[in-house]
Amino acid sequence: MKSFREWFRDWDSGRYDLTEMTASSGEAFREDPDSGSSRWARTEVFSIRADVTGTFRKLYPVMSLILCAVIIVFLLYTVEALPPFASADTPANAGEVSLRYNSMALEETGALNVVSGVILDYRAFDTLGESHVLFAAAVAVFILMLEPTKGAGPETLGVSPDTVLEGTARVLGPVIAVFGIYIILNGHLGPGGGFAGGSVLSGAMILIRMTSRGRDGKGLLSMKGYRIITASSLIFYSLAKGYSFWCGANGHETIFSAGEAGRIFSAGLILPLNIAVGAVVACTMYGFYSIFTGGEV
Amino acid sequence: MIYDIPLLLIVMSLISSVICSFSGDRFSRGLCIFLVSCSLLGNGTLAAHLLSGGQSVYYMMGHFPHPWGNELRLGMTESFMISFFSLVMLLILLGGGRSIREKTEKGRRGYYHALVCLIMGSLTVLCYTNDIFTGYVFIEISTLASAGILFSRGTGRSILASVRYMIFSLVGSGLFMMGLIILYAITGYLLMPELKESVCSLYSSGTYAMPLISSAALLSIGLAVKSGLFPFHIWMSDTYSEAAPASSAILSGLVCKGYIFLLMKIIRDVFGQDVYYGMGMNNVLFVFGVLGVIVGSVSAIREDDIFRMLAFSSACQIGYVYMAAGISPLAGTAAALYQMFAHSAVKPSLFLSSDVLCACRGDSRHFSDLTGAGYSVPLAGIVFTAGALSMIGVPATMGFVSKCLMGGAALAASDIKKYTVLGVIALSTLLNTLYFARTVIRIYTYKDPPRAGRAGTEAQKAFAVPGTVFALLNLSMGIFASFLTRVSEKFAGIL
Chain A
43 MKSFREWFRD
53 WDSGRYDLTE
63 MTASSGEAFR
73 EDPDSGSSRW
83 ARTEVFSIRA
93 DVTGTFRKLY
103 PVMSLILCAV
113 IIVFLLYTVE
123 ALPPFASADT
133 PANAGEVSLR
143 YNSMALEETG
153 ALNVVSGVIL
163 DYRAFDTLGE
173 SHVLFAAAVA
183 VFILMLEPTK
193 GAGPETLGVS
203 PDTVLEGTAR
213 VLGPVIAVFG
223 IYIILNGHLG
233 PGGGFAGGSV
243 LSGAMILIRM
253 TSRGRDGKGL
263 LSMKGYRIIT
273 ASSLIFYSLA
283 KGYSFWCGAN
293 GHETIFSAGE
303 AGRIFSAGLI
313 LPLNIAVGAV
323 VACTMYGFYS
333 IFTGGEV
Chain B
3 MIYDIPLLLI
13 VMSLISSVIC
23 SFSGDRFSRG
33 LCIFLVSCSL
43 LGNGTLAAHL
53 LSGGQSVYYM
63 MGHFPHPWGN
73 ELRLGMTESF
83 MISFFSLVML
93 LILLGGGRSI
103 REKTEKGRRG
113 YYHALVCLIM
123 GSLTVLCYTN
133 DIFTGYVFIE
143 ISTLASAGIL
153 FSRGTGRSIL
163 ASVRYMIFSL
173 VGSGLFMMGL
183 IILYAITGYL
193 LMPELKESVC
203 SLYSSGTYAM
213 PLISSAALLS
223 IGLAVKSGLF
233 PFHIWMSDTY
243 SEAAPASSAI
253 LSGLVCKGYI
263 FLLMKIIRDV
273 FGQDVYYGMG
283 MNNVLFVFGV
293 LGVIVGSVSA
303 IREDDIFRML
313 AFSSACQIGY
323 VYMAAGISPL
333 AGTAAALYQM
343 FAHSAVKPSL
353 FLSSDVLCAC
363 RGDSRHFSDL
373 TGAGYSVPLA
383 GIVFTAGALS
393 MIGVPATMGF
403 VSKCLMGGAA
413 LAASDIKKYT
423 VLGVIALSTL
433 LNTLYFARTV
443 IRIYTYKDPP
453 RAGRAGTEAQ
463 KAFAVPGTVF
473 ALLNLSMGIF
483 ASFLTRVSEK
493 FAGIL
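Protein chains in written order, with the numbering used here: chain A, 43 to 339; chain B, 3 to 497.
Just so you know, the hints here were simulated from the structure itself, not pulled from any lab data. Computed from a predicted structure; not experimentally measured. Check before you lean on any hint, since a few could be wrong.
Said to hold, decoys possible - Cβ pair distances, simulated, as ranges: (1) B:GLY176 - A:ILE271: 50 to 60 Å; (2) A:TYR224 - B:ILE183: 25 to 35 Å; (3) B:GLY32 - A:SER274: 15 to 25 Å; (4) B:GLY495 - A:LEU109: 50 to 60 Å; (5) A:MET187 - B:ILE4: 39 to 49 Å; (6) B:GLY32 - A:ALA111: 50 to 60 Å; (7) B:LEU432 - A:PHE116: 36 to 46 Å; (8) A:GLU149 - B:ILE418: 57 to 67 Å.
Said to hold, decoys possible - Partner residues are not named here, just some residues of chain A that face chain B (Cβ under 8 Å, in silico): (9) TYR119; (10) ALA182; (11) GLY267; (12) ARG269; (13) ALA273.
We put the CB at the ideal spot given by N, CA and C, even for glycine.
Use the sequences and the hints to build the structure in full.
Have a look at this one:
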């Protein structure tokens, strides 16, 4: 049995990986110290099960339960004091910000869909950041998963060919893809937009990949294609929005006019930006799927 | 025209990160260094303009002014802060090139530099933003990007450490997001000037008191978790010791500081110092800051791995920042800001010079192997010593000035805080001396004829210029402290 001081020291030096408490095996990966290579080897050094004595293992869940209970009570009190949900006269619903968005969005942005008007015009800078969040996530995954030489992940998870799935995908895949494109293009006219449409489109691409893999092992998109689409969308997005921000800040009008509301070519930059966001979202989600199942993008 | 610079730099860093991600190792490094130099020049020009009496402005990101559209606030401290960050980033990239090259696999450095560009862009936005939700979006970018540069080493332990960092950091983002939602629900605004107005009126009328307190708490705790305040510093030791030293330097010197600067902006521009300190939220920061200082120092003494020691010393220094911010709204905030400058200039130099010291001993990080390393690579030894002196708080270094400011702020505070702060500064100076003096003595203990080895000599050659600049920055800002002090005091609202 360890003394308090000993396990405090171990905790402090990071030996207990608390995130591992729920892991079933209780083992973790570390470098192989003997061979000096970075091969992952199973050792017991970081293992909770092997290392933590009874006191800590019993104390830890109890303490976390108490902490969670305190936080829950605190947040419940907060929620109870918040303005009532869905009532019309709360600060968020009746404030000058939402009033202007609701009444002026069509006139000022040319978009029938107020949400698109807000995320791609009023608050377009946030959305520009948001699409680069996806990009950052994709790059972090590439760093982690791609073998630089082969461009493929560490192991391949094959999806066994399945007649039912294949038949379904053959019928549904194109339909879903068309629907996804419709959502992207319709973003400024009705419910939809790049983020929603892009994820639907990526669903179709993943479905098609799942079934076509069994035969030739290739996806819809090569790494090169992926890079070209993502890079050109993101660069177009940054440049277009940079130009529009610059115009706004210096009091110029942009060359993109709002047009006639309700037409497909209207609402200035919103349509092209929706297409760019849709392409980035679809490619990133599809790329994650292909990398995690261990192929080329 | 001069006010367009930040927008240009933000767009540039986003675009160059995309370009870096598919270009080769050398080109991406060049592009990244070019971007950071542009950022230094551009923001430096803006800062000089604002320091010499230029008007600070709200820069609309689009056609809609606040409270409807996104905005940047181009103020003096903001532009100075980001110029300082760019300078440190430039020095890290130049001096840490070797560690990036050796600790990152060939073919992955394009991705690495893409993430560095993203970090640079998000730091720019975190410094300038006038919109709290934009702050959140760019916090996400820097979280993912810094997790990525930690992953890049690719060994088992470093991946484990970075996953742990990411979990902590995402918990912090989640808490920040919850605080943001609550604040929006009770005010209906996301831009700082209107938020401050309506928070002030809510506070004085007493409506929504509970949500107001919990949103202040959640925003503060979220950013504190992300920047590694005690007890959330436990991700630091593994993360900083396993990652490439350049990544540790970027993380400890810049990313964590970006979060803290955003928190200080939120305290000043969203809640207002009166409300925030009136709610007593600063006392929470103060208590955990004090604990962080002591626990960090005690843990650092026990380490025999130089990078883990530096990691725990980071925990101690972050504790200082929060302790100072907790003392008092004016003098305390100024001291906290100065401490941020000091730590972000000094800690990267310590990480990079230790890397050179270790390089001449076959990349071993244990104290026993480092005996006499200061003779083998004299310049790295000198830079390390200068940094160590600053961490201890010896006069003529930045660390001394920041401890001085903290002490000065404490003298004007209540009795409990006064004696706590003075006691903690005394105690932790003693503890810091214990472990830094031990290291310095160790690297200057003459053991056998000094041998640098090829790796050591080459490492030192690459580190020579950036290392010297780091050391000079530390000493000059410590000796001619009045400039930085004035910037900090202006931010806090004293001048």
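Hint by hint, work out which the structure violates, then give me just those numbers in ascending order.
1, 4, 11
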